[in-house]
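**Student:** Listed below, chain by chain, are the residues.
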Amino acid sequence: DAKTTQPPSMDCAEGRAANLPCNHSTISGNEYVYWYRQIHSQGPQYIIHGLKNNETNEMASLIITEDRKSSTLILPHATLRDTAVYYCIVRVGSGNTGKLIFGQGTTLQVKP
Amino acid sequence: DGGITQSPKYLFRKEGQNVTLSCEQNLNHDAMYWYRQDPGQGLRLIYYSQIVNDFQKGDIAEGYSVSREKKESFPLTVTSAQKNPTAFYLCASSQQFATNEKLFFGSGTQLSVL
Chain L
-10 DAKTTQPPSM DCAEGRAANL PCNHSTISGN EYVYWYRQIH SQGPQYIIHG LKNNETNEMA
50 SLIITEDRKS STLILPHATL RDTAVYYCIV RVGSGNTGKL IFGQGTTLQV KP
Chain U
43 DGGITQSPKY LFRKEGQNVT LSCEQNLNHD AMYWYRQDPG QGLRLIYYSQ IVNDFQKGDI
103 AEGYSVSREK KESFPLTVTS AQKNPTAFYL CASSQQFATN EKLFFGSGTQ LSVL
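Read top to bottom, the protein sequences are chains L and U. Going by the working numbering, the first sequence opens with residue -10, and the numbers climb by one from there. Going by the working numbering, the second sequence opens with residue 43, and the numbers climb by one from there.
Check before you lean on any hint, since a few could be wrong.
Not the full set, but computed from the structure, chain U residues with beta-carbon under 7 Å of chain L [said to hold, decoys possible]:
hint, residue
1, P81
2, G84
3, L85
4, P127
5, L132
6, K144
7, F147
8, S154
From the structure, some residues in chain U lie toward chain L, with a derived Cβ separation under 8 Å [to be verified]:
hint, residue
9, L69
10, Q83
11, P117
12, G148
13, S149
If you're looking for bench data, these hints aren't it; they were derived computationally from the structure. None of the values given here were measured: they were computed from a predicted structure. Just so you know, even glycine gets a beta-carbon here, dropped at the ideal spot from N, CA and C.
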C-alpha cells in the first residue's frame, strides 16, 4: 500500500514549468512527503521533502495543501534531462519505525 | 567522493545457486536498506538496518538474507529459496532511521537467472 496516488504519465515542453500532482489523503500529522526521481536503470535521486510548509531548493519547489491531503512538485524550467519517473512518497510510521514505500510514480516526458 | 557503491552492475544466477550483492557506503550513515524493483513497478523493501549488527525484515524478505557486521557494508544474499529473483536491486542509506531523513541510493544491480 503506497498511500499515494499519482498520474501514470505526463508530458511537458522544454523550458516550461512541470507540475506533478500527488494525492495522499490518508496522511498522518507526523508523516513527511518525499519526492524522488529515477532515470532509467539508475538509483532514485532525492529531490525534496516537506511536512506542512511549502519548500524550495535548487532542484524544485514543493507545494503542500493546507489540509495536507495533496501536494505538487514543481520543476520551474524543465529540461530534457528531467525526463524520468517521479515518485511521491509518504514516510510510513514515526520515530525509528518509519520507512519509505514507493508506488509506481509518474513518468514525466520533457519534449523539445 | 562520498556515496554508495553497488557491485556488480550485472549478475547472473544459476538455478539453486546463492548469490551475494555488495553494497558499501562511505557517508558514515547509520541506516541502510535493500529494495527490489521489477519492470514498470515501484520499489519494494526487502531488509533494512538501523545500526550496525542489527537488521529487520521488510515487506518481501522471504528468500533473502543480509548481514551488517560493519557500518559501511550491508551485503544482500539472494538464496535458492527465492524462486523469482530476476529484478533490479537497489541499496540505500540514510544518516539515521528517522522520519525526516532522506535516502541516498546506489546505482543498482541487475540480477538475472540463467
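**Student:** With reference to the structure, classify each hint as holding or not holding.
**Tutor:** Here is how each hint holds up against the structure:
1. P81: Status violated, d = 11 Å.
2. G84: Holds, about 4 Å.
3. L85: Cβ of L85/U sits 4 Å from chain L, so the hint holds.
4. P127: violated (18 Å)
5. L132: With Cβ-Cβ at 5 Å, under 7 Å, it holds.
6. K144: Nearest chain L Cβ about 5 Å off; hint holds.
7. F147: holds (3 Å)
8. S154: With a minimum Cβ separation of about 13 Å from chain L (threshold 7 Å), the hint on S154/U is violated.
9. L69: Violated: closest Cβ of chain L sits about 13 Å from L69/U, beyond 8 Å.
10. Q83: holds (6 Å)
11. P117: Where the cut-off is 8 Å and the nearest Cβ of chain L is about 17 Å from P117/U, the hint is violated.
12. G148: For G148/U, the interface hint holds, since the closest Cβ of chain L sits about 5 Å away, which is under 8 Å.
13. S149: holds (5 Å)
The structure fails to meet hints 1, 4, 8, 9, 11 from the earlier list, while all remaining hints are met.
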